[in-house]
Every structure is written in structure tokens, then in C-alpha cells.
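Colleague: For reference, the chains in residue letters:
There are 2 protein chains.
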Amino acid sequence: MFDTNLTTDRPSYVTHLQCSATGERLPADTLQSLSPAGKPLLVRYDLERMAREWARADAEGRPADLWRWRELLPVRRVKDIVSLGESETPLIPLPSAGGPGVLVKDEGRLPTGSFKARGLVMAVSMAKALGVKQIAMPTNGNAGAALAAYASRCGIETVILCPEDTPDVNVREIALQGGRVWRVNGLIDECGAIVAEGARQGRWFDFSTLKEPYRIEGKKTMGLELALQLGWRLPDAIFYPTGGGTGLIGMWKAFDELEALGWIGSERPRMYAVQAAGCAPIVKAFDEGADHAERWPDAHTVASGIRVPKALGDFLILKAVRESGGRAIAVEDDATLAAVAEAARQDGLLLCPEGGATLAAYRKALAEGWLGSDEQVVLFNCATGLKYPMPAVERTLDRHAAIDFDAL
Amino acid sequence: MFDTNLTTDRPSYVTHLQCSATGERLPADTLQSLSPAGKPLLVRYDLERMAREWARADAEGRPADLWRWRELLPVRRVKDIVSLGESETPLIPLPSAGGPGVLVKDEGRLPTGSFKARGLVMAVSMAKALGVKQIAMPTNGNAGAALAAYASRCGIETVILCPEDTPDVNVREIALQGGRVWRVNGLIDECGAIVAEGARQGRWFDFSTLKEPYRIEGKKTMGLELALQLGWRLPDAIFYPTGGGTGLIGMWKAFDELEALGWIGSERPRMYAVQAAGCAPIVKAFDEGADHAERWPDAHTVASGIRVPKALGDFLILKAVRESGGRAIAVEDDATLAAVAEAARQDGLLLCPEGGATLAAYRKALAEGWLGSDEQVVLFNCATGLKYPMPAVERTLDRHAAIDFDAL
Numbered sequence: 001m002f003d004t005n006l007t008t009d010r011p012s013y014v015t016h017l018q019c020s021a022t023g024e025r026l027p028a029d030t031l032q033s034l035s036p037a038g039k040p041l042l043v044r045y046d047l048e049r050m051a052r053e054w055a056r057a058d059a060e061g062r063p064a065d066l067w068r069w070r071e072l073l074p075v076r077r078v079k080d081i082v083s084l085g086e087s088e089t090p091l092i093p094l095p096s097a098g099g100p101g102v103l104v105k106d107e108g109r110l111p112t113g114s115f116k117a118r119g120l121v122m123a124v125s126m127a128k129a130l131g132v133k134q135i136a137m138p139t140n141g142n143a144g145a146a147l148a149a150y151a152s153r154c155g156i157e158t159v160i161l162c163p164e165d166t167p168d169v170n171v172r173e174i175a176l177q178g179g180r181v182w183r184v185n186g187l188i189d190e191c192g193a194i195v196a197e198g199a200r201q202g203r204w205f206d207f208s209t210l211k212e213p214y215r216i217e218g219k220k221t222m223g224l225e226l227a228l229q230l231g232w233r234l235p236d237a238i239f240y241p242t243g244g245g246t247g248l249i250g251m252w253k254a255f256d257e258l259e260a261l262g263w264i265g266s267e268r269p270r271m272y273a274v275q276a277a278g279c280a281p282i283v284k285a286f287d288e289g290a291d292h293a294e295r296w297p298d299a300h301t302v303a304s305g306i307r308v309p310k311a312l313g314d315f316l317i318l319k320a321v322r323e324s325g326g327r328a329i330a331v332e333d334d335a336t337l338a339a340v341a342e343a344a345r346q347d348g349l350l351l352c353p354e355g356g357a358t359l360a361a362y363r364k365a366l367a368e369g370w371l372g373s374d375e376q377v378v379l380f381n382c383a384t385g386l387k388y389p390m391p392a393v394e395r396t397l398d399r400h401a402a403i404d405f406d407a408l
Numbered sequence: 001m002f003d004t005n006l007t008t009d010r011p012s013y014v015t016h017l018q019c020s021a022t023g024e025r026l027p028a029d030t031l032q033s034l035s036p037a038g039k040p041l042l043v044r045y046d047l048e049r050m051a052r053e054w055a056r057a058d059a060e061g062r063p064a065d066l067w068r069w070r071e072l073l074p075v076r077r078v079k080d081i082v083s084l085g086e087s088e089t090p091l092i093p094l095p096s097a098g099g100p101g102v103l104v105k106d107e108g109r110l111p112t113g114s115f116k117a118r119g120l121v122m123a124v125s126m127a128k129a130l131g132v133k134q135i136a137m138p139t140n141g142n143a144g145a146a147l148a149a150y151a152s153r154c155g156i157e158t159v160i161l162c163p164e165d166t167p168d169v170n171v172r173e174i175a176l177q178g179g180r181v182w183r184v185n186g187l188i189d190e191c192g193a194i195v196a197e198g199a200r201q202g203r204w205f206d207f208s209t210l211k212e213p214y215r216i217e218g219k220k221t222m223g224l225e226l227a228l229q230l231g232w233r234l235p236d237a238i239f240y241p242t243g244g245g246t247g248l249i250g251m252w253k254a255f256d257e258l259e260a261l262g263w264i265g266s267e268r269p270r271m272y273a274v275q276a277a278g279c280a281p282i283v284k285a286f287d288e289g290a291d292h293a294e295r296w297p298d299a300h301t302v303a304s305g306i307r308v309p310k311a312l313g314d315f316l317i318l319k320a321v322r323e324s325g326g327r328a329i330a331v332e333d334d335a336t337l338a339a340v341a342e343a344a345r346q347d348g349l350l351l352c353p354e355g356g357a358t359l360a361a362y363r364k365a366l367a368e369g370w371l372g373s374d375e376q377v378v379l380f381n382c383a384t385g386l387k388y389p390m391p392a393v394e395r396t397l398d399r400h401a402a403i404d405f406d407a408l
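Keeping their order, the protein sequence lines are chains A and B.
Just so you know, full-length UniProt numbering puts 82 at position 82 of the first sequence, and the rest follows in order with no gaps.
Just so you know, full-length UniProt numbering puts 191 at position 191 of the second sequence, and the rest follows in order with no gaps.
Isolated chain A (complex conformation) (with noise of 0.2 Å):
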């Protein structure tokens, strides 16, 4: 016994589905794809049940991974568990390059490298437990591997999709984790679209982002282990950056689910969806006042995990950033290049270039007089920044020869 979290069987309150769009309610533990309506699901609980019989102490007791939020989440059997280790995530204070107030959570730390693991270890899991055997996914990298990874340790087969200028890095893991992966000359939704052909053929089972229940459950432990790790005291800001914005639309779920929960009360945190000025649909939705965002034209940004043209759950970003109060910003590529610099030279922590991107644009949106600098913000770092290019570096030293130790 090593895991009481994975060891121990504890009850889950999943009650049924719920279209995002119209409410319809569809039953839980069955195969479901999008709503009738064509919209996200979300998976509801019995939060009034839940809150009698559990208690914030409870959680605070278990081991700190994602499955100490046991109730919350919609697995029921630990058999079904696919776990590589989901370990809190640690809050790190970004003095210089941020500021007092800053912290940054550090998602690199999940098994494949980033967030993604989140999510997919959870659709992974209820994928097993409902008998699906092959899985197809159109990703930009983080994804696809967390789907190999989660998906062969249980025997699935997987195919997965991405542009063709995903990072070397990604498209070997996802092929040494046993994916077969292929690279498209399309991006995002373009890949998707064969995924969606393919499941409309019966071959596969479609995990394109929110096309399945699961993932934002697992991402939504983002919010529940932020709230826990600052004591149920939420942060001023969250700066997240946001491409299907799955962990946006999830932790603003966790945040109503803890509140019916009697764990927090009703302030919430003013949610900042993070884009790249190349790729900035929800950021001009959100100006515009639109409930939707158009289809983003000629996509390009360094910040390859957020070049999302198109987000089946835009407006449940857009309400969710609009309701916190909060705004969607967009940044530079330069800006997000010197922040991840910056952070590395002063602080020591190598942020993900869309990590690099919550950090310009929290000095945007300090310089705009939209936050101040006394308030407590949390950046989200999703992933490692060792998956992502560095500069090169030329220095060189003979050892035969006469050292010029002044010089170095």
C-alpha cells in the first residue's frame, strides 16, 4: 500500500449530463459525445448530499494528488483509475520578474509535462471504464501525448493529429508512448475535422477538446487545489492562457461546485483569458461584446498550445471571463519571449512560452490600471518549458590550453 487515494473505494455523487447550451439533461455513465444541441456537456453532482457527508478536512487529509477530490470527479470505480502519478501542482512566487503578488502554478509538473494530463487522465479513466478501444484527437502537441500516455498504459489504441509545424518534441513522445501520430498540413480544427470524419465512420471514439464530458472534470482540479492550497481563499486574478479553454470553463464549474459545498463563499477570482495577439478570437469576441467568437483567420503564434482558431466552448470562456469581472488579453510574441526570459534569468523558473504569455500580459494588464500591483494573482505555467526551443548556446573552452579564468 502506497496510495490511499488509488486503494480506497469512495463514493462519487454524479447525478447526469447537462447540455451547456440548453440544459437537456442526458444520464451519466453511458457514451456521450456533444449534446443534442450539438454543445459541451458538463457532468452534474449532488452537491447538497455531497455537502453533508464531506467535508473541506476530508480532502485536506488525502495525499496530495487529483484523486483526492474523489467525490468531485466522475470515476466510480478505482479499477477503472489510469494514474502515472497526478501530484499537486506547486504554487511558486515569481518575485522579480512578477511581482509580490505573484505566483505561478506550475503545470509542467503533471506526468507528460503539462496540464493536459488533467484532463485526459480523466477521459481516459471513463473511456476504460465504458469500454471504448481506440481514440482519435486532433492536438497541438500536449494533448496528444497526455492521450498516449494515459491511453496505452490501459491498452487503447490512439490516432492522433497535429499541424505539421508541432514541435519535434511532442510528436516523438506521443510516438514512443505509443500513438500513432501524424503530422497534417492544416492547424487545429482542420485536423479535427478528420478526427470528426473518422468517428462519423465508426472507427474511433472523437476526444477533440469538450467533444466528451470528461476532460474538463479532470481540469477542473485546477480550481479545487488552487483553492485549497491558498486556504479557500481565492486570488484576486487568475491569468490563464486559453485555447479551447477547457480549464478556464473548468475551474469556473469548481468554483460554483465548492461554493454549493459551503467550502468558499461567492468571491471569485477576475479570470484573464491569455491569447496570442496572432491567434486572438475570444479577445476580439470579448471586445466586441459577442457571445461567440468567429473562426481566427491565418493563425500563427509561438505559443503553439493556444493557436486554437476556433473553440467549441468560446462562449462559455467568454461568459465565464465576463461574469469574474475579468477580461481576455492579448500579447505579443516578442512580450511573451522576454517574460520567458526574464523569469528564467531572475527568478530561475523556466516558464512554457504560454506560460511566458500570462506573464505579459499580467504586465499589460498592470500598465492598463486593470489590477493593481498589490493584488495576489496566480498565473498557470501548463507546461514544462523544456518541451519548447531555447537559444542556442555557443561557448566552448580547451582544457589544453592556458584557462583565461577573467574571462569566464
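Derived by calculation from the structure, the hints in this document are not laboratory data.
One thing to keep in mind: the hints can contain errors.
The calculated DSBU-like cross-link candidates involving lysine-lysine, where the alpha carbons are at most 35 Å apart (straight line), are [what the hints assert, rightly or not]:
#	chain 1	residue 1	chain 2	residue 2
1	B	K284	A	K364
2	A	K364	B	K310
3	B	K310	B	K284
Over 12 Å on every C-beta distance to chain A, these chain B residues come out as not near it, computed from the model [unchecked claim]:
#	residue
4	T30
5	K39
6	E48
7	R49
8	V132
9	E173
10	E267
11	R268
12	H292
13	R295
14	L349
15	E394
Here the structure is a predicted model, which is why all the values come from computation and not from measurement.
By construction, the Cβ of each residue, glycine as well, lies at the ideal position given by its N, Cα and C atoms.
Fit chain B to the known structure of chain A by using the hints.
Modeller: Only chain B this time, still in chain A's reference frame:
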């Protein structure tokens, strides 16, 4: 407030430093390198008093990071702690590529992606406490990356020397995190000779493996964590990738300290020191019954982290391995790479080559009958596999052409 381990002052029980060879005592809280006999120094604690004042439940009740062990660590003041979030690393079953009794301790989850963070967070925090301003170190990559990150975080300057064929990702990471890094046409001990000369000239403090007493204290937390995670019962065997051997020596020390506290009994795991066939000085010394190891000529292996031709702590490694009833085991690079590929494909766990070597050594030990398949073993995966070369993938799909779905 978000981390009680880093905001609460706790007593330190350090009494003195002691030469690992002669037993000579030196004062703590002063800057020390090797002992007068030229051997590593060990930190000693008042374990009798600690046993009266500290209980297992105290450690268990704290946040799951390295700092929960504060009483057994040398840093006295909270303000000297230079942290990047040293979370407890998970134990992950390896049922297919390993077996039912095999757990991997995934040290790639630590800051900078390797177990080097454990040693360096402690050594840098102590260097800061003792007023050091300049540090130099020879490295095969990961130690240098950890040093650069922690030192930059607290304003200490670093000069880092690595063999010329050190993986690009390591060299770039070091530079991005503010280290002045140089590639040298020599192996790690030859880089170390340059660092030693600079230290002799008073240019910097020498942070070579075991040349200061605190890295070992950080590394010993691997043993402390393991004991707690397994419910205060140690595994039957530990397979540890052994270069400089700090971790193996550290865990052995940790087990003795835990026994002195009365937290575990006298049982010990058999310690298996794993080396590459192309660089196996400890294996050769073990097989020959020698107390010290000779420098290994023409060292080469894909597992660059254990390409250490000569270890300063050789006699301590050999002593621990022998006392434990374990062995030193050499594995071929082919077996190491096959183990990496199988763990990734079958269990979804991407090991680094050094971690792969421990799996290959475990298989060898099973085949040789040194170990039963029903025994509980822990393999140390010392770094994230994402830092290392992976096989290339050449599969492309033209979305404008008709998709042959049967071929995906």
C-alpha cells in the same frame, strides 16, 4: 499564506559536520568544502533530542514537499530557503514493462526536471545563508541546470562547465536560467579540475559533487519520502542510477537517521547501484572486492548522467551497497534504450536513459536470480525523459487529398 512549510520557523538540530573517512568533527554554520583528509563531510544532528521532540505524525501532517523534513535538514532560517516548489515525487507502478512489484519514483517532476534539484536547493540555500556570491560546478547537464535556477533566484553568480557533447537542452536551459555555461573538450572530472583551479584562486566556491556537505542532505530526502510514502516500511530493493552516488549515500544516511528516531526498524532495502557498461567503475570495484574505484578510461554511454569516470564518494557507495546486501550492476546501452521504449509504449511512462538503465538492471537481476519477482522494488527515474533524444517520426497526412482511414 500558501505554504506552511516555507513560512513557519522550525528548529534545526544540526550539531556539527563530520569527515566521512576519519570521523573528525568540524563546526557547522561555517563555509566548508572537503574535510582535512580530503574526504566528503557529513552533516550530523542531535537525533536523540529530535526523537523526543518530533514525531512521524508531525511530518505526515505537513504539505507534501521536501521542506516537511525541516528538522532533518541543515537550513536554519526560513529566509534562507530558496525554493522553486520541491513537491514530493510520485511512486508509479510499472506493471507491464516492470512487474507487479515494481514502482518508479519519478524524480523528473522536480524543479528543472531532475533529482538534482533536491541537492542543489539545499546547497544553494546554505550557500546563501553563508554569504557565498560566486559558485562554479562541473556537470553532465542536470546538476548545472538546477544550480543555475536556484542560484539565479537568489542572486548568486554561477560558472558551469560541461562535457562538449552534453545534450543541447541542458546547455540552453542553464544559459536561459542565468548560468555562464561553457562546453569543455573533456569529461566531467576534467571539467572539475578547471573548477578546482578556479576555487584555489579564490574566484568561486566549488560545488562539485560531495565537495560541499549539503547536496547530500537534499538528496537524502529521497529516502525520507520513500519511507513515508510506503507507510514506514522500506521496499525490498532499490535500483539507483549511480554516477557520483550522492543520492545512494544520502538515502543510506536517511535510513540510519530514521532508525535513530525510532521511525523505522533495522531492516534495509538491498541497494543496487546501476551503471552503464561503458562507464562502470563502481561495478568493477564491487566485483573485485575493492574499497575504492579506479578511474574508468574512455567512458561512454547514452545515459550521460551516469557518465562519471571517478566518484569522490566511491568508498561510501561501495560500503552502503555491501552493507545492504545489494550489488553494483552494469547494463548495456541497448538494454537501457529498449527498457525506455517498453516502459513508454506499455505503461505510458517516459523514463530518462538513466531511469531506463535501472529497469534494465532490474531485469538482469531477475534473470540472474538475485531477486524474486514477488519482491517490492523501487526504480529511480532521476530526470524527465523529455530532456533526452527520442526517435524521429516521419508520418504525414495531406488533408487536401482523400484520407485513407484504413491506413491511420
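Colleague: Looking at the structure, which of the earlier hints fail to hold?
Modeller: 1, 2, 9, 14, 15
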